[in-house]
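Participant: Chain by chain, the residues run as shown.
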Amino acid sequence: MSQPSALVPSMDPLTTTTPPPQRAEETRPASVAPPSAISMRGFNSWYGTNQVLHALDLEIAPRQVCGFIGPSGCGKSTLLRWINRMNDTIPGARAEGTLSLHGIDLLDKTLDVVDLRRRVGMVFQKPNPFPKSIFDNVAFGPRLHRVYSRTDLEELVEQSLRASALWNEVKDRLDSSALGLSGGQQQRLCIARAVAIGPEMLLMDEPCSALDPRSTASIEELIRELRASYTIVIVTHNMQQASRVSDATAFFYEGRLIESGPTDILFTNPKNRQTEDYVSGRFG
Amino acid sequence: MIAVAARNAADIAERGTPCSLRMRAWFEGSIKALLWSLTCFTVVTTAAIISVLAYETYGFFTIQNHPEVSVWSFFVGTEWSPLLGAQPMFGVLPLVAGTLLVTTIAGIVALPIGLMTAVYLSEYAPARRRTVLKAVLEILAGVPTVVYGFFALTFITPYLLQPLSNSFGAYNAMSAGIAVGIMILPIVCSLCEDALRAVPQSLRDGAYALGSTKFDVSAKVVVPAGLSGVIAAFLLALTRAIGETMIVALAAGGLAQLTANPTAQVQTMTAYMVQIFLGDAPAAGIEYKSSYAVAFTLFLITFFLTWIGALVLRRYREEYE
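So the protein sequences, as listed, match chains A and B.
So the first sequence is residues 81 to 364, counted in my numbering.
So the second sequence is residues 847 to 1167, counted in my numbering.
In short, the hints are calculated from the structure, not lab data.
As the structure is a computational prediction, the values presented were derived from the model and not from experiment.
The beta carbon of each residue, even a glycine, is placed where N, CA and C say it ideally should be.
Be careful, since some hints might not be right.
To be verified - Think about it this way: if two alpha-carbon atoms lie no more than 20 angstroms apart in a straight line, the pair counts; the simulated DMTMM-like pairs of lysine to aspartate or glutamate are:
(1) K1060/B with D344/A
(2) K1060/B with D195/A
(3) K980/B with E969/B
What the hints assert, rightly or not - Chain A regions said to be covered by chain B (calculated; three or more residues, Cβ under 8 angstroms):
(4) 216-229
(5) 265-279
(6) 288-294
Input sequences plus hints: build the corresponding full structure.
Facilitator: Here's what the structure looks like:
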């Protein structure tokens, strides 16, 4: 599979703002610990007067899958939506502290959120394809970012659909409506749509919670493949899913980060009693 | 707590049902009969009106001693002069053209402005401002149409149109069209806004997450997704424009001409009917009967548009189910 950030030759003004992540890795001395993709220090967030996140300190490594787990209402989706600033669309949402992506302050009021969202793709809980053709769904992002040539678009659409393991199922009906696909196919289409603009990071907010077990398995397999190219943060309610797909896991409870670390350690040998109770299914 | 609840429930059980089974059956039966008869009243009234329309139209086409009247010459005739000259002419096309001219102008005024206002209200306006603006629009929708007629005649024509060009007469299709456009604006706006607000938030989120600006979201996702609702809104508003009477009777003039010139005076189908029924045409006369044929034509046109609108609307409801 080709590198997605190389998919977008005509997007130079946008892509040159940061070097592609894989190049950074090649030039780095092997002994130094990889710098975090996302780092937060003393991060707090509110909806109106209701504080939903309290003093979070967390580092997310690049090119890994990081799972956010915790019971409903613990703030994990809110945190996810700060990383691409989707909370800007919610009146009364605000945050304090430090939240940065490769050293860029994500809470900066003057940040170019359009460019940020190109670099940080998002997949939602419920598949939300646009009521357009399959082709136009995948081409939507590239067109927003001024890729208009038909051959470039065709190439991008094919590569994105291949990357999301959907190409073989839809290659003969790219012009039919995306709403005719099954739920699992729609969700993979949404992943293709996010991948098509060459992001360095993918945020997934319970991407399988509206899907049947077979579609869930195909999405999980896809996530494991995409890890090679993207930093992925996945919010999930499903403990097994977190243990299957994520390299690192962070457990949240009532707006606080209780414990984080490599997934196998967090699940088999948690330091915290609450984490142990949650991952063993005693509450949540 | 549980003990109290049990005692209350026991009280209800002891009291029994409030009236006998037969009383309840009688009551339910009479309610059902009342509702059924009211439904029949609505349907029968509509059917009766359409039958009278059809009957009188038939009477017009089979009238004695008027060889110039035929279905063919009515629908393709290009001259409408029922009251003037020795030889009255009954070709409905000038009236249809007058109606279409006024409706087209109204559509050009109302549809783009209405859609853009709806986009503003549904996508851009903060919640408080939207509430206030919607209330203002509802006031606009409540203005009696005769007022728009005055407005066209005493303001739009002398102060807006005639300074632009002296070819505008005191009565002209343009001012009537603009006034009708203003009249249907709240309908376009409110129905379009409903259609746009029905587009699921998840689609907007999906578009924002790909790096869309608010304009991208509105123009490339929300409006296309709500397009069938928008088209249905347009058709329903145009139906209102076609049937509008007072504005055109006051401001468009009374001369039936087959023209597309907006500075000329035109007579619409509705304005002709007003002229006949307010004038002294005898009830058995051919002019009187001709207005039924015109009314029937108007009914067919609006029925067709309403039907198309309903079809489009149904398709758009299915899209998200």
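Participant: Taking beta carbons only, do three or more residues of the segment 265-279 of chain A come closer than 8 angstroms to chain B?
Facilitator: That given contact holds, which follows from 4 residues of the segment 265-279 of chain A lying within Cβ reach (below 8 angstroms) of chain B.
Participant: Mind checking the alpha carbons of K980/B and E969/B for me, to see if they're no more than 20 angstroms apart?
Facilitator: holds (14 angstroms)
Participant: Given as covered by chain B, does the segment 288-294 of chain A meet the bar of three residues or more with CB within less than 8 angstroms?
Facilitator: violated (count 0)
Participant: Please verify whether K1060/B and D195/A have alpha carbons no more than 20 angstroms apart.
Facilitator: Holds, because 14 angstroms separates the two Cα atoms, which is no more than 20 angstroms.
Participant: Tell me if the straight-line CA distance from K1060/B to D344/A falls inside 20 angstroms.
Facilitator: With Cα atoms ~42 angstroms apart, K1060/B and D344/A exceed 20 angstroms; violated.
Participant: Can the segment 216-229 of chain A be counted as covered by chain B under the rule of three residues or more with Cβ-Cβ separation shorter than 8 angstroms?
Facilitator: This one holds; 4 residues, not fewer than the three required, reach chain B with a Cβ under 8 angstroms.
Checked against the numbered hints above, the structure violates hints 1 and 6; every other hint is satisfied.
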